[in-house]
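Chains as they are written, first to last, in our numbering: chain A, 24 to 137; chain B, 4 to 348; chain C, 2 to 340.
Calculated from the structure, these hints are not laboratory results.
Just so it is clear, CB atoms sit at the ideal spot from N, CA and C, and this is done for glycine as well.
Be a bit skeptical, because a hint or two may be false.
What the hints assert, rightly or not - Derived DEER-like restraints, expressed as beta-carbon distance ranges:
1. B:Gly206 to C:Asp181: 37 to 43 Å
2. C:Phe297 to B:Arg329: 30 to 36 Å
3. B:Trp342 to C:Lys62: 47 to 53 Å
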Amino acid sequence: MAEDNTTFTLPDLGEGLVEATVLEWQVAVGDRVERNAPLVEVETTKSAVVIPSPTEGRVVTLHAEENEVVPVGAPLVTFAVTVSDDAPRAGIVGKVPTEEARPARRVRLKPPTD
Amino acid sequence: MPTHEPEGRGSITVDHLPPDLTRTLYRHMRTARDLDAEAIALQRQGVFPAYVSVRGQEAAQVASAAALDPERDFVFPTYREMAAALAYGVEMVGYMATHRALWHGGLYDVMASRFGAINAVVGGPVPHAVGWAVGERLRGDDGVALAYFGDGASSEGDVHEAMNFAGVMAAPVVFFCQNNQWALSVPNHRQIAGGSVSARAEGYGMPGVLVDGNDAGAVYQATAEAVARARRGGGPTLIEALTYRVEPHSTSDDPTRYRDEADAERWRRRDPLDLLRAALIEAGHADEDALAEVDAAARERAEAIRDGVATAPEPDGSELFTHVFRETTDELIRQRRVWQEEVEL
Amino acid sequence: MTELIERAGAPAGSAPVELSMQQAINRALRVLLAEDPDTLVFGEDVGTLGGVFRVTDGLQKEFGDRRVFDTPLAESAIMGMAVGLAMNGWRPVPELQFDGFAYPAIDQIVNQVARMNYRTRGAAPMPITLRLPSFGGIQAPEHHGESLEALFAHTPGLKVAAPSDAGDAYTLLLQSVRSDDPVVFMEPKARYWDRRPVQLLEPTTPVGTSRIVRPGRHATLIAWGAMVHRCLQVAELAAEDGVDLEVLDLRWLKPIDAAGLAASVARTRRAVVVHEAPLTAGLGAEVATLVTENCFRDLAAPVQRVTGFDVPYPAGPLEPQYLPTIDRVLLAVQRTLEY
Numbered sequence: 024m025a026e027d028n029t030t031f032t033l034p035d036l037g038e039g040l041v042e043a044t045v046l047e048w049q050v051a052v053g054d055r056v057e058r059n060a061p062l063v064e065v066e067t068t069k070s071a072v073v074i075p076s077p078t079e080g081r082v083v084t085l086h087a088e089e090n091e092v093v094p095v096g097a098p099l100v101t102f103a104v105t106v107s108d109d110a111p112r113a114g115i116v117g118k119v120p121t122e123e124a125r126p127a128r129r130v131r132l133k134p135p136t137d
Numbered sequence: 004m005p006t007h008e009p010e011g012r013g014s015i016t017v018d019h020l021p022p023d024l025t026r027t028l029y030r031h032m033r034t035a036r037d038l039d040a041e042a043i044a045l046q047r048q049g050v051f052p053a054y055v056s057v058r059g060q061e062a063a064q065v066a067s068a069a070a071l072d073p074e075r076d077f078v079f080p081t082y083r084e085m086a087a088a089l090a091y092g093v094e095m096v097g098y099m100a101t102h103r104a105l106w107h108g109g110l111y112d113v114m115a116s117r118f119g120a121i122n123a124v125v126g127g128p129v130p131h132a133v134g135w136a137v138g139e140r141l142r143g144d145d146g147v148a149l150a151y152f153g154d155g156a157s158s159e160g161d162v163h164e165a166m167n168f169a170g171v172m173a174a175p176v177v178f179f180c181q182n183n184q185w186a187l188s189v190p191n192h193r194q195i196a197g198g199s200v201s202a203r204a205e206g207y208g209m210p211g212v213l214v215d216g217n218d219a220g221a222v223y224q225a226t227a228e229a230v231a232r233a234r235r236g237g238g239p240t241l242i243e244a245l246t247y248r249v250e251p252h253s254t255s256d257d258p259t260r261y262r263d264e265a266d267a268e269r270w271r272r273r274d275p276l277d278l279l280r281a282a283l284i285e286a287g288h289a290d291e292d293a294l295a296e297v298d299a300a301a302r303e304r305a306e307a308i309r310d311g312v313a314t315a316p317e318p319d320g321s322e323l324f325t326h327v328f329r330e331t332t333d334e335l336i337r338q339r340r341v342w343q344e345e346v347e348l
Numbered sequence: 002m003t004e005l006i007e008r009a010g011a012p013a014g015s016a017p018v019e020l021s022m023q024q025a026i027n028r029a030l031r032v033l034l035a036e037d038p039d040t041l042v043f044g045e046d047v048g049t050l051g052g053v054f055r056v057t058d059g060l061q062k063e064f065g066d067r068r069v070f071d072t073p074l075a076e077s078a079i080m081g082m083a084v085g086l087a088m089n090g091w092r093p094v095p096e097l098q099f100d101g102f103a104y105p106a107i108d109q110i111v112n113q114v115a116r117m118n119y120r121t122r123g124a125a126p127m128p129i130t131l132r133l134p135s136f137g138g139i140q141a142p143e144h145h146g147e148s149l150e151a152l153f154a155h156t157p158g159l160k161v162a163a164p165s166d167a168g169d170a171y172t173l174l175l176q177s178v179r180s181d182d183p184v185v186f187m188e189p190k191a192r193y194w195d196r197r198p199v200q201l202l203e204p205t206t207p208v209g210t211s212r213i214v215r216p217g218r219h220a221t222l223i224a225w226g227a228m229v230h231r232c233l234q235v236a237e238l239a240a241e242d243g244v245d246l247e248v249l250d251l252r253w254l255k256p257i258d259a260a261g262l263a264a265s266v267a268r269t270r271r272a273v274v275v276h277e278a279p280l281t282a283g284l285g286a287e288v289a290t291l292v293t294e295n296c297f298r299d300l301a302a303p304v305q306r307v308t309g310f311d312v313p314y315p316a317g318p319l320e321p322q323y324l325p326t327i328d329r330v331l332l333a334v335q336r337t338l339e340y
């Protein structure tokens, strides 16, 4: 069993929110957390919410201080997670490419008339 | 112990070798010398587009090749190994065909001859020798690979890589450097840092031997020891045979542009054939009459090879396509049809 | 991973097993090592470590360090050694660790491997398969994301294969190694981890056969390696717009399946070739020419090329902008539809 670092970025907690303020951390660096354990309370323009941990693991880095404003998509917490030997492991260089469930597109096609 | 000083020593001795061997060395060297002269003539007569002379290197080539067993060893030559090929038993009309530009690699069967195809990439075939030798060990056989290369090739990365591989894998390889002191127009002191190829062996963890390349007896001895060591599992050896390219690099070269021909003349006088001839007589291995007979036979054989290669048929145009692949492709079949319809006519 | 490889020990052609491409190639190597005692696997870190992508994992343990071995770090000597081994009757399967490090071995590959059979008039065949982790898409350092297929395809005497998924990697590698001609086997690194149920099939079609991985009516997308997956993504999206795209996986980049290309494009009348390599003198030009030569009267639009740009392969964040994007392929499709 090996460990791999994974960084959780601030999600858009409402529709179209661009940032949130960290109110109170409920974990500290070094803590082991379960999935869905309370991670951090943040305040958005809509509400204050507690974000549940997206993963089981050990807290490696907290990327924001309390009362700091964090943009959506910015790093919030880095976890060290255990990965099974069966999970995809990167080679000596590079990363395992991630697969989007539904790849993004901007172009729409017009079907041919013939 | 020879040094890198270009001052030749005096006479040589073959007292340590059996008479039939030394007579054989002489016969091959004599034949190679005559064939070399015929080849230069063929170039001047317009039969060969160009030729690379081995004159002055016959002892280095013949005596090293003679230390091998053509039944179980394998030679990886460059493009200037005519005397080695002859001594090793290669079919010589097929060998000389490369110089008539009938086929780049020559027309002899490299696998049956156990003598690799003529190769114009200096240093390129040296790792092949290592691969062949590793393969020999993997199978549990006791053949030895000998790679010829020159002082110029000693600068190539492939030669370094090959020696390092051979050292790490204890491969049964003899790295045989003919240092003829000229890489086309560039002399040793502008080619070889440190001044010695053989000294590099220490860095690869193998014995390095500097030998007088014009002394057939010494070359044979050094090569035979290296071959025996490799055969019994003792790994590779680097031999540097110090000799001299008394002729131009090729028949198209003009050495007066880069060297003092007085040096070449001095080396011409230290002729390996003359040295061996004197040593044979001195050792009582042959007398003048016997050697005169050998000379005549050599002359005859060289002329036969000359006539053979001069009259050998040119390859058919269809051979352009024959050996590109073992299993040809539709596209190549199509192109062959184009050749038939638009070129052969 | 090891466990899955163990489970994959069923006879070829049996029920599907779930495998990543790494595991499928590993499985093929095991079959090849087992069936022919002359087959050798060697290269940098392929033995004890099992390869930097674990593709050769467990092989040394199973077949011993005479059949599967580490070499010193020197790409040219690895390929040169392969030549000598082939001349001594072996069937070498060397690995060069990354595409960009094939360049130091180009002399041996082009001047020696590709020509030895020709030079010796068939006396010294070169049944060498060079396994080359290739192409980009994993945000690796420089020299670890190159596409050398045009160079290899341009070299007389070489054959070139590039699988697009785990199952076909298995089949194509069996075919490549069993071939008596030298093959450059370009493994798309970005697909190494793609895991799916795989049918382990023996090769049944000749060398140089392409395959249709998605049938369609309106245009043919032509690709190889990881770009086949990209084209399948595009085809899914196009279907939402009512455009029915065919995806042709070239598989063999030399010889190219000119007949297969022609058959597809003659039906769809439009073609878009997609590759990661830079545009100019890329293999897409060859494909486009073959299609044009063979389907000129059928074509409703000029063949489009969607490729990497004519720039050195870029670093991580720029990689997704360099590689053919979904939108770029869609736009090219649109151009053929509107022509």
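Against the structure, the hints:
| no. | hint | result |
| --- | --- | --- |
| 1 | B:Gly206 to C:Asp181: 37 to 43 Å | holds, 38 Å |
| 2 | C:Phe297 to B:Arg329: 30 to 36 Å | holds, 34 Å |
| 3 | B:Trp342 to C:Lys62: 47 to 53 Å | holds, 51 Å |
No hint from the list above goes unmet by this structure.
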